[in-house]
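S.K.: So the protein sequences, as listed, match chains A and B.
Sequential numbering of the first sequence, starting at 1, is according to this note's numbering.
Sequential numbering of the second sequence, starting at 1, is according to this note's numbering.
Since the hints were made in silico from the structure, they are not lab data.
Be aware that a few hints might be false.
[To be verified] Some residues of chain B that are not near chain A, with every Cβ distance over 10 Å (derived):
id	residue
1	100
2	103
3	119
4	162
5	298
[Said to hold, decoys possible] Distance condition first, Cα-Cα at most 16 Å in a straight line; then the derived EDC-like pairs of lysine to aspartate or glutamate:
id	chain 1	residue 1	chain 2	residue 2
6	A	188	A	105
7	A	192	B	152
8	A	240	B	152
9	A	323	A	123
10	A	144	A	127
11	A	323	A	348
[To be verified] Between beta-carbon pairs, the in silico distance windows are:
id	chain 1	residue 1	chain 2	residue 2	range
12	A	84	B	87	26 to 32 Å
13	A	55	B	232	41 to 47 Å
14	A	83	B	306	57 to 63 Å
15	A	81	B	125	39 to 45 Å
The beta carbon of each residue, even a glycine, is placed where N, CA and C say it ideally should be.
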Amino acid sequence: MTPPHPARRRLRAAAAVALSACLLAACSSTDNSGSGSSGAAGGTYTIWDTYPQFDDSADWVQLLQRCGTAAGVTVKRTAYDTTDLTNKALLAAQQGNSPDVLIVDNPVVSTLADAGVLTTTEEVKIDTSAVAPNLLAAGQIGGKTYGIPIGANTLALYYNKAILQAADVDPASIRDWASLTAALQKVKATGKKGITFSAIGTEEGSFQFLPWFWGAGANLTKLDSAEGVSALQLWTDWLKNEYAPNSVINNTQTTSWQEFATGQFAFAENGTWQLANAKKTGFEYGIIPIPSKAGGTAPAPTGGEFVAAPVQKDTGRYDTSQKIINCLTSADNAYTTDTTLSYIAATEAVQAKQVQNNAELKVWVEAVSAAKGRTSDNLGTKYPRISQPMWTGFQAALSGSKSPQEALTAAQAAAAAATK
Amino acid sequence: MTHHSTTRIPAPAAVPRAGGRRRRSGQWTAWAFLAPVVVYLVAFYAYPLYRNLDLSLRHYTVRSFVQGDAPFTGLDNYRTVLDDPAFWPAAWHTAVFTGVSLLFQFSIGMALAVFFHQHFRLAATLRALFLVPWLLPLIVSASTWSWMLNSDSGIVNAALRLLGLDPVNWLTSPTWSLASVTIANIWIGIPFNLVVLYSGLQAVPSELYEAAALDGATPWDAFWRVTFPLLRPVSAVTLLLGLIYTVKVFDIIWIMTKGGPADASTTLATWSYRLGFGNLLPEFGPGAAVGNLLIIVAMAFGLLYIRTQRKALR
């Protein structure tokens, strides 16, 4: 073979270099845009949140901009779907371009902390002393705190006033499971439907099952305890007696809410975030906390996001990140944010202010105070591995393929294998 | 890369012969034409496949995913997946889902293709209407199916009640959920089979039918002795493509049942997704392993197809 012409050879080599460079850039960009500039004031700081429903004109985004300006920097904000954000954050960390501030669903905090993606509040010097301990717990693993809650939401029971009146049920009398089931029976006798909830085979279903599970006194480390089985028995009996529709097995919290909004249901287990929609249903509604088995308010799982500072190569950036985070979670701003998000504040002082301005929130503040983080009790990343067998378990029982006892025994075996 | 050209002995100064030059410049042009497709293949096929294989051969935790130091564990992820009690049910559901879908999609598609081949009035309009399932975004058709099959407020159960039959828990009973998603998938797949088989029918010369009719063949005979054998190559492609589409169907099942209740409609595709993305704690390794198993299945059938094609050509 004759050696190629030098010019052509150079061209070919250049093409090869360009090609591989382009591939490298596309496939594993190691440089980062988030922490490219120096740690001094000025520059652009990136914030990722889980509120795609808000555009640039929304109060929330305006607040982000203001907090950036106050810290002397420009804020670049990107919104992701809640389910997307975990993987997006992990990928970004892998590529070394984590955002400066991350606003993330609370059960994900322990996963990201476990991955070494997040800094501790101690490191970035964020004051969490005012935050309610039960809310902060979702972000604490092994004695360290990995973020600060921006607000919280949880579950309670919405009820349709007219239906309860017609069935002669006083909502105030519902204080335990027995009185709730009795109320459902009375409602059914009047030809209306009892209760709707979401028992879908995803995290959403587990979220809705937990108030009953914890309300029975059960613990996530032992799914098949007598208490746990009694919670599943309660749900299963509701379906068997047609107090709850069979469709709950496939209901998301949104479809469950749509069922309630038809005006045919006496009760709906749903969250703080439906308050605005509740006003649009066209019928009078009320809210009671979810009762525990023996009486009193059951601990419901906390929902809502944490503000966290992902690890940066350039630790000089933490100062500004800290300023932004403190700004976002300061009392005044937290009040505005939680009002926009229809959340309950994470600090007692702001909670009091919320109730003062809107008495309707009182029941929610109570529910949030009784609530519990899913990853609390030092479960951390064990929680997801317990949650999945749990939802498979209650789906098996509700669909009639197993008894509650069998279903939870199998679930416990699977959870034990996954967390060992 | 650049040192490559500099360390080489400089090329002789002699001007190459005109013929050689033309040939080489032709070669160069050929490479230039090839480059886009090579870049495309490498960036969008080879690299993702390699990454997926790599993911499935390492023990990834969220931490090692970020740090990039996941230890190589060989086939451990595959062992985990195969030992998982969810594996065989998922594999069985995949087989049933794919087999039943293909059987009905193909036979209904074939029946419709033959039907439309009659060229009656409005045949073209009607045929166009049959394409609707294909044109709708999957999220729309799957959501519509899931509303129609809702236990309490679905139109299908309302119809059953009108007929005096007991309503069926289509999506929420473990005995029915797989059947429900299969029915929805058959509906979505019919247009594809119809279109491909119909175009295959166009290629069958009409003289053959005339000859068959002269020989006294009934329409039934004509179908089995003329149409069907002549459509065999087209049928094979249709079935193969159908198989590859169906074995990896994920969206319809995920939207309609999330693989539930209690895994009753979980296939390998939805299981793989759930492992990787459907949980708070992603398990990339096993998720990638299940995905690769699916690729192997699809590839095995692809090779089988190529072999039979070659045999047929000989």
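S.K.: State for each hint whether it applies.
M.R.: Here's how the hints hold up against the structure:
1. Annotated as non-interface, residue 100 (chain B) keeps its C-beta farther than 10 Å from every C-beta of chain A; the closest such distance is 21 Å.
2. The non-interface label for residue 103 (chain B) is consistent with chain A: the shortest C-beta to C-beta separation is roughly 27 Å, beyond 10 Å.
3. Against chain A, the non-interface label of residue 119 (chain B) holds: every CB pair exceeds 10 Å, the least being about 44 Å.
4. Every CB of chain A is more than 10 Å from the CB of residue 162 (chain B) (nearest about 19 Å), matching its label as outside the interface.
5. For residue 298 (chain B), the shortest C-beta to C-beta distance to chain A comes to about 24 Å, beyond the 10 Å cut-off, and the non-interface label holds.
6. The hinted pair formed by residue 188 (chain A) and residue 105 (chain A) fails the criterion: a straight-line CA distance of about 37 Å is larger than 16 Å.
7. Under the criterion of a C-alpha separation no larger than 16 Å, the hint pairing residue 192 (chain A) with residue 152 (chain B) is consistent with the structure, at around 13 Å.
8. Our distance criterion of 16 Å between C-alpha atoms is met by residue 240 (chain A) and residue 152 (chain B), whose separation comes to about 14 Å.
9. For the hint linking residue 323 (chain A) to residue 123 (chain A), the alpha-carbon distance of about 13 Å falls within 16 Å, and the restraint holds.
10. Restraint check: the Cα-Cα separation between residue 144 (chain A) and residue 127 (chain A) comes to about 13 Å, which is no more than 16 Å; the hinted pair holds.
11. The hinted pair formed by residue 323 (chain A) and residue 348 (chain A) fails the criterion: a straight-line CA distance of about 22 Å is larger than 16 Å.
12. Checked against the hint of 26 to 32 Å, the C-beta distance between residue 84 (chain A) and residue 87 (chain B) comes to roughly 27 Å, which is consistent with it.
13. The beta-carbon spacing between residue 55 (chain A) and residue 232 (chain B), approximately 56 Å, falls outside the hinted interval of 41 to 47 Å.
14. For the pair residue 83 (chain A) and residue 306 (chain B), the supplied restraint of 57 to 63 Å is violated, since their beta-carbon distance comes to about 39 Å.
15. A hinted range of 39 to 45 Å for the beta carbons of residue 81 (chain A) and residue 125 (chain B) is consistent with their spacing of about 40 Å.
Comparing the model with each numbered hint stated earlier shows that hints 6, 11, 13, 14 do not hold.
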